[in-house]
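A.B. asks: In case you want the letters, here they are:
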Amino acid sequence: MKFFLICIFSFSVLVSCDSFKAKSSISFYGPILETINEEGAIEYVGRIVNKSSEKVKNVTLHYVAKDNQDNIVEAITYDINSTEGNHLSANEIVKFKFSIRSNSDDTFNKEFVLKHD
Amino acid sequence: MMYFLKRFSVIALIQLLILSLIFLLFLFNFNQRREVNKVQTKGFASIIAEQATNYFKDNQFNYSSNDFFEYLDNRIGVQKLTNAFGINPPEVLTIYFRSDIEKGLVNAGINSDFTKDDTAEVNRKIKYFFNNKYVAMKPFFISSDKTPFGIVRIETSTIPILTDVLANNGIFYLFLYLILNNQAFLFYLWVRKKRDDVLEKGYLKRSSLGAIKIMHKLLEDIIHDHKDEKYSDDENKANIINLDDKK
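For the protein sequence lines, the chains are A and B, in the order given.
The first sequence begins at 19 in the working numbering and counts up one residue at a time.
The second sequence begins at 57 in the working numbering and counts up one residue at a time.
Hints are computed from structural coordinates only; laboratory data are not their basis.
Be aware that one or more of the hints could be misleading.
In silico PhoX-like pairs for lysine-lysine, Cα to Cα no more than 20 Å straight-line [what the hints assert, rightly or not]:
no., chain 1, residue 1, chain 2, residue 2
1, B, Lys136, A, Lys113
2, A, Lys75, A, Lys113
3, A, Lys84, B, Lys189
4, A, Lys84, B, Lys183
Produce the entire structure from the sequences given, and follow the hints as far as they go.
C.D. replies: This is the structure:
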């Protein structure tokens, strides 16, 4: 009985450890470049890739800027579109570029999250 | 009740000791990986700074972020380079110009000599009781000026390292926990056997023996107090008869 319980416990740890690994069909292709544009606003340039073998629809990029108290300073949802419409074909790479209004001085942490249907 | 409480506290203490040992081992593994990440991030910042120098020498006045991004990709293949980081590639590469920093447009987290300010809040992120953000900075120059034209700032998160160390070593930590518990139990058995050997010398517990010794001393004192009293033969006989009756 004890041996059986130890086996179940070991297996559950194995499964929970494996679940740490993220699995997503879309991801950023390389890093995002952050610069200050001529208007003095923060600008982001980057690329997104569809790693799956299937078409992915309605891809959105969510950007959240937070201050030192972890309060949201600015949040933007940016639609990612390919030349063919609002979807990414298999292994397709698309570029994006957007700028934000908030001052970089207030931004302590930034989060980029990709979502799709 | 006290006996069980004592036993329970000993067991809890041993478990705490074993878990502390495993936690120390985990911290050692995690720190090793974190140091590798620091070296990689610093190296990556140096490469980007070198490319920024080359690019801005020619494009100081007609700069565009798209153009610079393409330039980096053509020259060094940014994607392949970031893949070398493995589990925690830098998400954002930041280029700040000295002019923007001096105007106060950006909070780069640097000292007046354009080196990294380790105490700046923008360079830290405390979560799960430790700083899980590492920032590498490298100034770049486009002429022989002493002041840089700008800085390259690269942030990496150490949270993926933490989860990866746990995912890779979770089973090892579990088995180590079981083995150490086993060793603790064997040690307990060894200690217990030694105690039994001591008890085998006599058949009474030390506390019982102590009580008998006290009683013996009391009886000796009583006999000593009454040794001068003389009884007649009848009284002696009666006492013996009484004793026989009691038996």
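A.B. asks: Compare the structure with each hint and give your call.
C.D. replies: Hint check results:
Straight-line distance between C-alpha atoms of Lys136/B and Lys113/A comes to about 17 Å, which keeps the hinted pair within the 20 Å bound. This hinted pair checks out: Lys75/A and Lys113/A have alpha carbons roughly 16 Å apart, not beyond 20 Å. Among the hinted pairs, Lys84/A with Lys189/B is consistent with the structure: their alpha-carbon atoms are about 15 Å apart, no more than 20 Å. Taken as a hint, the Lys84/A and Lys183/B pair is honoured in the structure, with Cα atoms around 14 Å apart against an allowance of 20 Å.
In the structure shown, no violation is registered for any of the earlier numbered hints.
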